[in-house]
Amino acid sequence: MKHYDAELHTRGESLYVDDVAPPGGMLHAVVYGSPIGHGTLESLDVERAKAAPGVFRILTADDIPGENQIGPVQQDEPLFTDDSLDYFGHPIALIVAETHEDAIYARDLIDAEVSEKPAIVDPREAHEKGEILGTPRTFAMGDVEKAWKQCDVIVEGRADVAGQEHLYLETQRARAVPTEGDRIRIYSSTQSPYAVQKAVARIIGVPNHKVEVDVIRLGGGFGGKEDQATAWACMSALASHLLETPVQLVLHRLDDLLMTGKRHPYTADYKLGLRRDGTIVAYDVSHYQNAGAKTDLSLAVLERTLFHSTNAYYVPNVRAYAASCRTNLPPNTAFRGFGGPQGMFAMECAISHAAEELDISREELQRKNLITEGQSFPYGQRAERARARTSWKEADEEYNLTQMRAEIDTFNAEHHDKKRGLAAMPVCFGISFTGTFLNQASALLHVYTDGSVSLSTGGVEMGQGVNSKLINMAARALGISVDRIKVETTNTTRIANMSPSAASATSDLNGAATILAAKELLNRFREMIAREMGIQDADNLSFQNERVFYRNRETEWTWEKTVSHAYMSRISLSAQAFYATPNIWFDKEREEGRPFAYHVYGTAFIDVTVDTLRGTYDIDSVRLVHDLGRTVNKLVDLGQIEGGLAQGLGWMTLEELAFDDDGRLLSNALSTYKAPDGYFMPDDVRVKWLEEENPEGPYGSKAVGEPPLMYGIGVYFAIRDAMRAFDADANFPYDAPLTPEKVLLQLHHGRLSGLWEDSLAEQKTTELPVAGE
Amino acid sequence: MADTVTFWLNDRRVETEEHAGLLVLDYLRKRRFLTGTKEGCKEGDCGACTILIGEIRDGELVYEPTTSCLVPLGEMHGRHVVSIEGLNLADGLNPVQRAMTDRGGSQCGFCTPGFIVSMCWYLMASSDETPTLKGFQRAFSGNLCRCTGYTSIDRASEDLVSDFGPGGRFEQIWSADDRIQALCDAELLPAYFADMADQLAAIPPLEEERHDYADIAEFFVAGGTDLYVQKGEEIPRTDVKILNRHPEMRGIERDDEAGVFRVGALTSFEEFGQHPEIRAIMPRMDHYLYLIASLQLRVRATLAGNIINASPIGDMTNLLLALDTTLVFHDGTRERQVEMKNFFEGYKTYDKEPHEIMTRLLIPIPDDDTRIHFEKVSKREALDIATVNSGAKIRVDDDGIIRVASLTVGGVAPVPLWLEKTEDYLVGKALDVKTVRDGLRVAHSEMAPISDVRGSADYKRLLAHQLLSAHFTELYGDRISFDALLAG
Ligand code: FES
Ligand code: FES
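Just so you know, the sequences run in chain order A and B.
First residue of the first sequence? That's 1 in our numbering, and the numbers climb one at a time after it.
First residue of the second sequence? That's 774 in our numbering, and the numbers climb one at a time after it.
No lab work stands behind these hints: they were computed from the structure.
Since the model is a prediction, treat every value here as computed from it, not as a measurement.
A couple of the hints might just be wrong.
So the derived list for chain A, only partly shown, Cβ under 8 Å to chain B, looks like this [what the hints assert, rightly or not]:
(1) R11
(2) C151
(3) Y168
(4) G639
(5) A646
(6) T672
Here a beta-carbon is modelled for each residue, glycine too, at the ideal position from N, C-alpha and C.
Produce the entire structure from the sequences given, and follow the hints as far as they go.
Below, the structure written as structure tokens:
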């Protein structure tokens, strides 16, 4: 098993958008965005910028020949703003120049006159003021109001969780090349080539078929290029269309951080009712999503928050409310987990709160309430082949939770300047796009007369290994060596109307379509060979190891012979197939249905050590059991688990997106926004899998992209556990990420300030300049 | 300005008259179309642009890994610039590439060339006695990967540890006298590396303006690790002076007569931290280096650059300040010395004339009873900019009386702060919990932190308190315990 791109990667020979040799005359574009968080653009003076060296043209909304609109769902997102400035970096104009450096230089010469309005950055404030996108949704099951009466304990509280920067290593970028007439080809770093195609067509005012979008690969996406790659592709296309020359737009990291949306911050009010023995009876939660200034994919993200609001637990009475709140941040967007993690975080906070109240261990409470076969999720779907309890049990057997806990207790009894903590994190995540119509895919297979195979699908390779899995599946379906198969770039001319590569479903959908295409091809071959062999039972012909078998006996037909014979017999060597996930539906009126083909389960145990003197912490180990199905590529799947985990751990700890009250991003560079590095990750990461055939996935496999991220949520509670070992009575707020700052301030809250307050009493307060780097 | 700069780029000798301030990264990608080197941030924080720079030092060719997004092209004269393309074998994969491929150490691939370069460097040039996982982790500490979570990269490293370690199939390479030659012989490195030392020696030195310190440029670039982050767009458009062309301004010398270490102003963090004399006075140097910066930046960042940048949270600055360092300046005709404790005046202002250049640092050699320590906390433990940092030089005599208590704190004032009153207070008192606690009270009257993205004012004050406490618990744990300090 391999990651088939890796050889090129390690030699630095893989091509990303701007690694392809630039076509002659290519110009470079840079975006000029709003200098304020909220207000109105009164006037724009670009004269000095226009005169700067190397500048060809400066484009604004007025230059758009088509429609100034790129909103994927709601039509609330002009490519360039007309006059309303809704967030810092909100695109106003595009500078097109001979070099990237010239364009950057010219950008500083643009003058905008603006008038400011107060910005909203808090979703609760937005909710109060009626700044709501779409319609709030409520999922309900049982009757919470009645259920409170059956509860022995009810806890109520608030859970806040911040956003997260995608930090794909390759920033957003696109290159547009005019072909002939008003046709255009776009090389884009997008998870959604079709979305780019549609939006470009709309902007420049041509039908979709005149726009070809081609994607080789992405240097990471994680959801950040599902919808938000579109704007930059449109801008380069617009410039290229108007100037009739290739134009490339590569966002500088600082612009990318400033202008693109991130994981949605959420704030929630929870109420959880339980019986004395820890059985959960009722859960009421209200989620306020910080959507940013435009709708983007927020409403779909919101929906998934509701789908995962009870995580892997069974709760008989649920009321879950969620509202998407408009604020003056860049439009927040898809990010691995797609709203699910925020829903789970609130539930885990409620459970933690209840455990502290009941004085039961958090793990005990979690274990007791895990969902089992046949029980319902709050949206009506029943758990089928549920693995919540199995994965917990396996994890406990493998890693011994009781012993881990005992070791930690011993350590804590002996140490004061260091405290250890432990938490478990079960995960249950639904697979399928929740917009049912998106669960479709097609594949196009060509076999050349030398026996080599070209495969095109709508799957975009962004590191998640979809190409590798497709190669594995196609080789298996055709019974040939992986070396014969090449996965093509993702291209809108070869595959029409493709769904984005998202929702963990890319390999499932495109793999299933690939297998269907292979089958169709093999059926033609069977018929042909049966005819040649003079047999009636073509069904007994099978293809394995580059050979054709008849009733399991090898025949003289090799793959190459079959292919060339088919060609000579004028039998098509190309096949196209279409797959739509069966048996899924959702009724939005009743908020009920079977939206998911299946669920992915798993359980992680995470332990940490907190330095109570300095407030810093180390993650000591992460041990988990993950429900993988029958993997088609173990190396790829393992990589998804470990990589997702790292992102989840980062989100809960050091990745702190900071905005000021005006909506200005403070953590605006990689020097201030910190993602996990090699030292941050524990050396002890153990992954064990549950390998059971999944009838809903190609070759029995399961989707793997998103669920592992949510194991990371456990680290929040492990750190909290260690903090409570230092101060058992402390009532720390539920507010992620749990940065070293919060840890130290909470550990020593009120304890030490007495030591210096008196010494400061006499000190005059003087104005100090802002300390920088 | 339009000096012709001659160097080796992978397996070719090249000459260029490009602007001296042009970034090597831009030169590679935009001028030479060597696109294996990636740009992830252009501020030294991701490592996607990692290259090797080979240089003859004391007659030997030494390679160092660095981030090409912070290195001016003008400095490359006489050097060997190695990008990923220069490490590739004509066919197939080298052992690092093989291990990374087999172990799934590459997903989207965008970070991968950077990792490969760092890991190859470890095999080519590390001074570790035997390869270890920790050694590899140190080597790629400046490389960010958003996809893998590093676990698979660790596994690849472990493969290499067994291949190159004792009993491994490439064991002989690690112990060879000339490891680069051995790697070439084993066909793990392209053959052209074998005579690179001769090739570089054949490049005549630039006509150098050794002493024209007074020649003012818009930008003086030393290591460039912060300057390029702040002014990266401007530098290639204006007048620059590349200080690193002055090898005479590096290195460390012990002068027992004067009782000081004479340290060249352009000595890099790494050179400083690896020097045996310096390690002798600061035994925990490896930990400090780990906290301070990645290897890619440590080989570039200079002591003078850190001081002149005058950031209140400069790590080396706060450490050197605690060590009672004296700074030596030269303006072309005259030398002038300034005690570092008098150097900083206000936020990013200091006692230096525009035409003066820092040439040396004088660090008093501490006696055997003096203990030195450095503390730092940032959001991410390693390789992040400090929220608060602190240096300490403390001497307590046999009678238990504090004689020296030079304490510094960064992040709590507009300047790197020497706690003068605290030292006054502590000196002459017996070292016990009460003294420390009262001393901290004095320290608080000297600090005035403000809130910013690295932390709130309250946090910084609390953290400063904790880190100052930590000096005593770390250095005098037998007398001052955390519990006792807390019990106040
Ligand atoms: S581009 Fe990120 S370190 Fe150079
Ligand atoms: S493989 Fe994608 S960033 Fe490392």
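Take the shortest C-beta to C-beta distance between T672(A) and chain B; is it under 8 Å? holds, 5 Å
Restraint satisfaction for A646(A) [CB to CB of chain B, less than 8 Å]: holds, 3 Å
Would the hint on C151(A) be counted as holding, given a Cβ-Cβ threshold of 8 Å to chain B? Check failed: Cβ of C151(A) comes no nearer than 38 Å to chain B, outside 8 Å.
For the hint on G639(A), just tell me whether its beta-carbon gets within less than 8 Å of chain B. holds, 5 Å
Using the nearest Cβ pair, does R11(A) come within less than 8 Å of chain B? Interface hint status for R11(A): holds (5 Å vs cutoff 8 Å).
Restraint satisfaction for Y168(A) [CB to CB of chain B, less than 8 Å]: Since chain B brings a Cβ to about 6 Å from Y168(A), closer than 8 Å, the hint holds.
Of the numbered hints given earlier, the model fails hint 2 alone.
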